[in-house]
Amino acid sequence: MNGFWVMLRREMAMAWGRGGGPLLALTFFVATATLLPLAVGASPARLAAVAPGSAWLALALASLLSLERLFERDYEDGTLDLLALGPVPLEAVAFAKGLAQWLTNGAPLALAAPVVAVALGAELRLVPLIFLSALIGGLGLAFTGGIGAALSLGSKRGGVLIAVLVLPLFAPPVIFGAGAIEAFAGGLDWHPALGLLAAYGLAAAALGPFAMAAACRNALS
Amino acid sequence: MFQALANPQRFMDFSRWAAPLVGIIAVILIAMGLWLTFSVPEDYQQGDTVRIMFIHVPAAYMAMFCYACLGGASFMGLVFRHSLADAAGRACAPLGAGFTFLALVTGSLWGRPMWGTWWVWDARMTSVLVLLLLYIGYMALQAAIDDEVKAARAASILALVGLINLPIIKFSVDWWNTLHQPASIFRAGGPTMPAAYLWPLALMAFGYMALFGSLWMVRVRSEVWRKRANGLALQAAG
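Protein chains in written order, with this note's numbering: chain A, 1 to 221; chain B, 1 to 238.
So that you can see chain B by itself, here it is in the shape it has in the complex (with noise of 0.2 angstroms):
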């Protein structure tokens, strides 16, 4: 299927109508997903704060897994040269960086009545901070090299040796939060999530996902659209 869809003008014709599709997918199971984050129950210890949980998780989850998008990207272009890929990798960066600082901000905003503070140096804290600064990296280094194939290789090589580093990067944080602070703050909201918890949440990152993918593919057609632009002006130009 990539490789079908690494010719350009296919994927124009496949994302032409795939890319509204899955937005109006994404719509529905996010608008599906807020209803159920707003008629569930209250928690019995967190109140209404609970309702943040289906916003913040699946966004910390899409984080990880726009990363994990960006390096696939970043593979494809190296290896294969694929201009597409190159493409990908740059419309997937802003993508999970917003995801990533909703996270951060809905993170916040949830720690504010849990724990008392608006932040706290906590391993899962730390990296995905950590994670924020990865994506702003490789949005600073492709904007600050103006060949643009250049930039998407050299973007492509950071990319690929933060996705190495990730892991270790988490390591890091854990051992670190365990000399630092053993287990002063814990995730209130019982030992196991209820059903009625779980239907909304698996609703929001699956709506989230259809979201990211609906906007991945209109960035990269308008990646696609600026490069051919591009070449017309060249072409009246010269």
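Just chain A, same shape as in the assembly (with noise of 0.2 angstroms):
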């Protein structure tokens, strides 16, 4: 267990130097939101409608970013090489991988995405639950797309081939979490949604680090 903790602060700490880190991803999230307003125009009514739906696209769009460092950086040095040979089993070590790309990366997003909604024209009374939604959903993304990074190892074309892997993949978390909040702004109950989206993040950080794992290993064979 130790071990695993130590896993964890390093990669927290590595995060920072994954090719800009949170910083590259949130500057794309803002980025990728500016050029709705770009593409479908800028009336009021016609943003609010497509506000959270679209923040969620924007989001999962950005949670691939940092994808592509996650194990490339540790198979290229040799360091996973060594982890695989260590004490820790390769599964703790992509969950620690996992639970530090969503706390690094996913939080960041989680606490951006109000924040872009609300600018292009979601309701104020929707920024707890977009938030909340976006960091519960980072979950699921989060482990979700480590599979993808762990299996385009050994690759060529690491980052398209991650977003083609994965984005398919993504449409459940998607759907649970841009409903949700439809949901709530429609007065409906948006409990079962979140409570799909949490199931769904729970499932991917508990079934996910075994495919990561088996992928790391057919890498380094």
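Simulated crosslink set (DSBU-like; lysine-lysine; CA at most 35 angstroms straight-line):
#1 B:K170 <-> B:K150
#2 A:K156 <-> B:K150
#3 B:K150 <-> B:K227
#4 B:K227 <-> A:K156
#5 B:K170 <-> A:K156
These are computed hints drawn from the structure, not numbers from a lab.
Values in this document were obtained by computation on a predicted structure and should not be read as measured data.
Make the complex out of the two chains shown on their own, each in a separate frame, by following the hints.
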């Protein structure tokens, strides 16, 4: 267990060095949201209708950014070989990486999501739920994305490949996350959607590390 | 049967006559199915367009069936490390993607006269589209890694991840659909399907399955040959 905490702290510390870290993802998030009014028109009524959903779309895209370096850096400099031989099981290493990805990438994005949504015209009463759904959804996005990152180790087209592998798997969290906000905005019961979102995230966190570890072992073999 | 056929030589001996035989069965079934497709009476609501159903519905069914085969082959490849299972997964994906694409295209062609639009974001169509993306992801991953064994294993892991995710995606898309558009579309064609329509549908479905089986065997055979050719080339060079 001690080794796990060491791994987690190492990953958190390294996240800032991973090609700009959360700042890059945040900038990408804001930049994507900036293009939306330019693409669909700046009329407030039209923007407000799509604001929460667009925030979620931009969130899913932004959470892809730092995935490329999640395993690749350790793979390239041989750290992953050492980790595979070390006393901490590779599954725990993968879990630490996914958790760190969530904390250093998903959490800042979750903080930015309400700001972006409100800037696009979402109502203020939606803010807590947008933050909550982005935070909970980030868990699923981090661990599902981690599977794609581990699988594309050793390929030459890391970034785009991860996006192609992972985006179809992002369908459930995007549906539940945006669905919760939409249900709340429409005066419907939003608890089931948020519950399903949390269930997806927890299931991804529970099962994802096994797939990630298997993919790492395969890449190292 | 799988254990026996896992031996490449035995598989080659078996598929040598099985692949063409199943192919002939496929041709007969599909020919009969197509003949019935064009000879059944028109639907009282849909007119001639109902005939698209006999091409479309079996293709949609095969899209899922192929993914199940892909998942099965991937599982065998990961757990038992059969090289033939890797070849089977590799051979299966483009076929499944083809059926999925056929289902989407024929669905779109059917939707135009029936619903007045080429595409609707309804639950079934959306999840079939995601299925196509999963197939493409599988093939992209396999193509992106140079080492063949590693590529096959990584793709197998992805196939299993997709297999676990498919029901979740299906459920979430259904859930999303009820949130967005409550029953704006329903399938026409009457409450129950008349027997005259069931026959061509069943023939086409079995025909597609036989076609898939035959092509699958042919593709696995060519994989085995390709590996042997590579081996011979290495020997000659070494």
